[in-house]
Amino acid sequence: MRIAFYEPEIAGNVGAILRLGACMGVAVDLIEPMGFAWDDRRVRRTAMDYIDHVDITRHADFAAFKTHIGPARLVLFTTKSRQSSYDFSFHGDDVLLFGKESAGVPASVAEACHARLRIPIRPQVRSMNLAISSALGLGEAMRQTGMLPV
Numbered sequence: 001m002r003i004a005f006y007e008p009e010i011a012g013n014v015g016a017i018l019r020l021g022a023c024m025g026v027a028v029d030l031i032e033p034m035g036f037a038w039d040d041r042r043v044r045r046t047a048m049d050y051i052d053h054v055d056i057t058r059h060a061d062f063a064a065f066k067t068h069i070g071p072a073r074l075v076l077f078t079t080k081s082r083q084s085s086y087d088f089s090f091h092g093d094d095v096l097l098f099g100k101e102s103a104g105v106p107a108s109v110a111e112a113c114h115a116r117l118r119i120p121i122r123p124q125v126r127s128m129n130l131a132i133s134s135a136l137g138l139g140e141a142m143r144q145t146g147m148l149p150v
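Per the UniProt record's numbering, the very first residue in the sequence shown carries number 1; after that it's consecutive.
Treat the hints with care, as some may be off.
As the list claims (entries may be wrong) - The list that follows gives simulated cross-link-like pairs (lysine to aspartate or glutamate, EDC-like), each with its CA atoms no further than 16 Å apart:
(1) 66 - 32
(2) 80 - 111
(3) 80 - 93
(4) 100 - 140
(5) 66 - 111
(6) 66 - 93
(7) 100 - 32
(8) 100 - 9
Think of the hints as simulated: they come from the structure by calculation, not from any bench.
Taking the hints into account, I'd like the entire structure generated from these sequences.
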């Protein structure tokens, strides 16, 4: 299982996500361009020394990312879906994709995904923080597939 992020914009979120990847033992894919300089100290500050314990791959664009993951099932988490992530059957080799903080993913990227899921939230609010959404999505996927660390 892998987690991927389409054009992330906030260094602090990416740092938290890298820490999540290190703690859960999953690789993290970052699809560029990103909204900050990669050497930004905020990424390392948030990820701390965990950054040395996660497999990070940066991709020049979505096409390069798709080539890298090959035939793996791409599962998009989006506020534009009606299917709950808790009513979906994950596979151990899924790639969980999350869009950029301000706009998600373009329609062409959403259409390239095998499934589109929504994390249920109250109707009065728009969306969750990217790092929190990825933790919820990854946690459920790993729980279902028996991949949670012991």
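So, going through the hints one by one against the coordinates:
1. Proposed proximity of residue 66 and residue 32 is supported: the alpha carbons are some 13 Å apart, at most 16 Å.
2. As the CA atoms of residue 80 and residue 111 are separated by approximately 12 Å, the hinted pair is consistent with the 16 Å bound.
3. The hinted pair formed by residue 80 and residue 93 fails the criterion: a straight-line CA distance of about 24 Å is larger than 16 Å.
4. Note on residue 100 and residue 140: the hinted pairing is violated, with a Cα-Cα distance of about 21 Å set against a maximum of 16 Å.
5. Taking the CA atoms of residue 66 and residue 111, the gap is near 13 Å; set against the 16 Å cutoff, the hint holds.
6. Distance hint between residue 66 and residue 93 is fulfilled; the C-alpha atoms sit about 14 Å from each other, no more than 16 Å.
7. The straight-line distance between the Cα atoms of residue 100 and residue 32 is roughly 10 Å, inside the 16 Å bound, and the hint therefore holds.
8. Between residue 100 and residue 9 the CA atoms are separated by roughly 6 Å; this keeps the pair inside 16 Å, and the hint holds.
In summary, the structure is inconsistent with hints 3, 4 from the numbered list given earlier, while agreeing with the others.
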